[in-house]
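Asker: Work the whole structure out from these sequences, hints included.
Below, each chain spelled out in residue letters.
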Amino acid sequence: MLIRNSWYVAALSSEIKTELFARKILNENIVMYRTSDGTLAVLEDRCPHRQVPLSKGRLQGDTLVCWYHGLQFDAKGKCIHIPSQQLIPQRACVKTYPAAEKYGFVWLWMGEPALSDEALIPDHSVCSSAQFAGEMCYTHVLTDYRLAIDNLLDLTHINYVHTETISSIAVAETPPAITVSEREVRVSRVLRKEKNSPLLRKMMGLDYIDRTQEVIFWPVGNTRVETTARAPGETDGIALRLFTTSIFTPETVDSSHIWVGMHRDFALDNQPLTQMILQEVVKTVLEDKDVTEHLQQNWKQSAPIVHLAVDQAAAAARRMLADLRLQEAGVRERGIVEFDLRNATPVDSRMGEAGVEVV
Amino acid sequence: MLIRNSWYVAALSSEIKTELFARKILNENIVMYRTSDGTLAVLEDRCPHRQVPLSKGRLQGDTLVCWYHGLQFDAKGKCIHIPSQQLIPQRACVKTYPAAEKYGFVWLWMGEPALSDEALIPDHSVCSSAQFAGEMCYTHVLTDYRLAIDNLLDLTHINYVHTETISSIAVAETPPAITVSEREVRVSRVLRKEKNSPLLRKMMGLDYIDRTQEVIFWPVGNTRVETTARAPGETDGIALRLFTTSIFTPETVDSSHIWVGMHRDFALDNQPLTQMILQEVVKTVLEDKDVTEHLQQNWKQSAPIVHLAVDQAAAAARRMLADLRLQEAGVRERGIVEFDLRNATPVDSRMGEAGVEVV
Amino acid sequence: MLIRNSWYVAALSSEIKTELFARKILNENIVMYRTSDGTLAVLEDRCPHRQVPLSKGRLQGDTLVCWYHGLQFDAKGKCIHIPSQQLIPQRACVKTYPAAEKYGFVWLWMGEPALSDEALIPDHSVCSSAQFAGEMCYTHVLTDYRLAIDNLLDLTHINYVHTETISSIAVAETPPAITVSEREVRVSRVLRKEKNSPLLRKMMGLDYIDRTQEVIFWPVGNTRVETTARAPGETDGIALRLFTTSIFTPETVDSSHIWVGMHRDFALDNQPLTQMILQEVVKTVLEDKDVTEHLQQNWKQSAPIVHLAVDQAAAAARRMLADLRLQEAGVRERGIVEFDLRNATPVDSRMGEAGVEVV
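Residue numbers (our numbering), protein chains in the order written: chain A, 736 to 1094; chain B, 736 to 1094; chain C, 736 to 1094.
Rather than coming from a laboratory, the hints here were simulated on the basis of the structure. Accuracy of the hints is not assured; some may be wrong.
Copies of one chain are not kept apart here, so a pair can be met inside one copy or by any two copies together.
Quick list of in silico lysine to aspartate or glutamate cross-link-like pairs, EDC-like style, CA-CA up to 16 Å [unchecked claim]:
1. K1035 to D945
2. K1024 to E986
3. K811 to E949
4. K791 to E847
5. K937 to E870
6. K811 to E986
7. K791 to E1028
8. K837 to D1025
9. K759 to E779
Answerer: Next up, the structure:
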């Protein structure tokens, strides 16, 4: 189930240079580059003449030259030269996408251009603020982006999947408070004298901590885990803050791009610490990739599913996504939505009380 | 065409230890293990909560702990612990399969549990009897199990496909007696002064032998070739007996598991002989894999097929299988059967006299 | 869109020896060999008994022995021996194909045998004439043969795709004369003081040349590029002639066999020159393979296409192919044609004037 009217991260800003960069987003092949003045060019990766990928061509200054017959396009997709004829047909232009750069990411609007309000880009300022230090990593997973979001919204898994980095039996066993507002799902835990995870112990040198953990989801594919940790009992001591941002962009209906980074508000200049954290994050991300890809492969639409209390967060997120899809489908074709819903997981299930099973 | 109400070999008994073992049988993902007292646990390989394969989890004593969120299941598939909540939903259980161990194999009943009578397990006592020596080997083939059964029921192929092991021009040229009873197909040959095959010559040191060869088929996937060989003319001399058991279990509609072993009633303690025979059997099995996989790939449903006299055995076996499928479909959906039959090979063809073509 | 009533190159004559050679042509698996007297045997690569590929069997003199059960077939596909029975069913025969050898190629007629008039084989005498020297190479591409033909009929691409061998900005920028007759499309350019291509400069030692270039297409898959080159201004000096033959045979609807060779009318005995040219041709062919395979993968049926003036040649060829298909479909099933047309590219588009867009 793909939602088009939304901003999606397509790349880190640092990935896009004055050279051609190809990536598939929501089933569309896209080529991106930066012009000499730094402006983003974002075009469909398909020549309007004979459909070869434009990303296989070359840049001549700010002009994209097609690999096949040498047609030239400017950064706005307008054909400005055809070697074999003088007349340039008006339709010889390439589709472009509304683009913005914010918080160190390149954002693309994949739906109706008229609706592409930059104010709708979710607040990931933690990723670019001078008050935080940290780095993002990228990975690609062969899984529906919704399975990756489910994973984030039920952190009880960290105790089993991430045993050597962020595992916590307290997280697994503490029922969270789940708050659902119009455009946000929030999963909150307050943990006292928690046995510290391997990663946090490396940073804090403490075997036990008090911490609050907030998991936040904003549709379509934005999540953040906010951790505030301190020595047990020291209610007004110095608290350490760690924000883990995970952003999911569908590549196709069953593959996704993921960017993950952990940002901290202390030891900002400690580069070795940044690198150590990044390595642990990569390890954790690959463990999530492993489990969600196995899940996707093992998925059987007809198998009954038992929902647990903690799944109410993921179910709320899926309901939010289904609503967005239905909303934009009002403008588009209705048939596709219903097909998608039929194949969806617990999207429109009525979620009952804790432990009540809902199929 | 898959038949569910039957016992299928899923593994050698020796393969299943106190650790998780995954195998797909009749399109179902299954995880098996042995509890501390040696009992078999056979579960669907899918957590009822979020569908990850349980075989990727771990054993904690006799309890299976899910990889993803740590749910715990006992050997009967009952959920006995959920880390994130006290209440365990009744539906949080994993499907199990009737299982039995007999003749050195783990047998699973893949259909209606109420029909799983262990007396229906076919007699493969030769594989476990103290009066025989021999070892089974395993292979996986990308072919419909029925093509593998056809192969066994027309042994004229051994002269062309297995030139270095069990080839025999006499088998190819001697029309067999074919006997079909309610649950058995039998192909019998009596050969006088047969030029010995390379493998039997190694064992007997004779260039020519007298032998009887019986190929037996019991549905769904059980076959045995019984050979009695002796020096030519010595009607009452010592006869050597070699029983080759081949068992076929569908993995999917177009891939299969195969177990093959050759058991003898002489030189029971001769381990080097056992190993030599096993190596030759493996070579032969891989040749059959090669030919049947090519056959499967080259198969064209619309191409006419010419049946020979010798094919009456395979045709009888296929008719038996189709009848079993129709019979269980009486309890189940009828549509699937008819679809299967349409895609079947000569299943319901009327087999004529020798040399009469039937499509 | 496959056209059956046509001669297709299936192999170089030199490829077919007294051994079994398998190739798929128009979705049919074919086995070829040469009998002891040099005659071609061309059979469907499928035993009529159990469908294994005959190409996996072996030759016993001129007789093909099946891999599986030893059935024997003569070079005309007639079954002449069945090991397991005396009676040979009349239907136990293998389909054969009308075949001819001409110009160094093996030609097969893939449609109604009664229509296989050898006079319809297109004139590729340049490939076998003593007045020319050159060698053919073979490659396989994962592309609809029509995309490969399009490529040949719009040579403006050579300036962009083949920069190190046959590139020419003059070809890209000179509008050709396009002549369409009943069974031929011809694209002609006359170039004065053309900056010479890397390959022709190696042969002629000239930086600039005058040349005429004729691209000829004959359906289904025959093309030739005829180049006549001389020193600039020397209208009556010695002209060098280079004929590049490219022949396309569909393997399936989206994969093709290609044979390409460049033949010259000078330095006929210069073997190192022949080898040098062959290497450059191979390089060029692999560049075309790269671009057309990317095109095929990137193809999106729903994307609009802008046609240029130069595309009138490719469009005429496609219209010719569609007409041939419609014509033979009159004798066959009509449904398939319409399906094919719906999935075709600009096959039946009305081509307008230069620069007028036609979808």
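Asker: To test your reading of the hints: which numbers does this structure violate?
Answerer: 1, 3, 4, 5, 6 and 8
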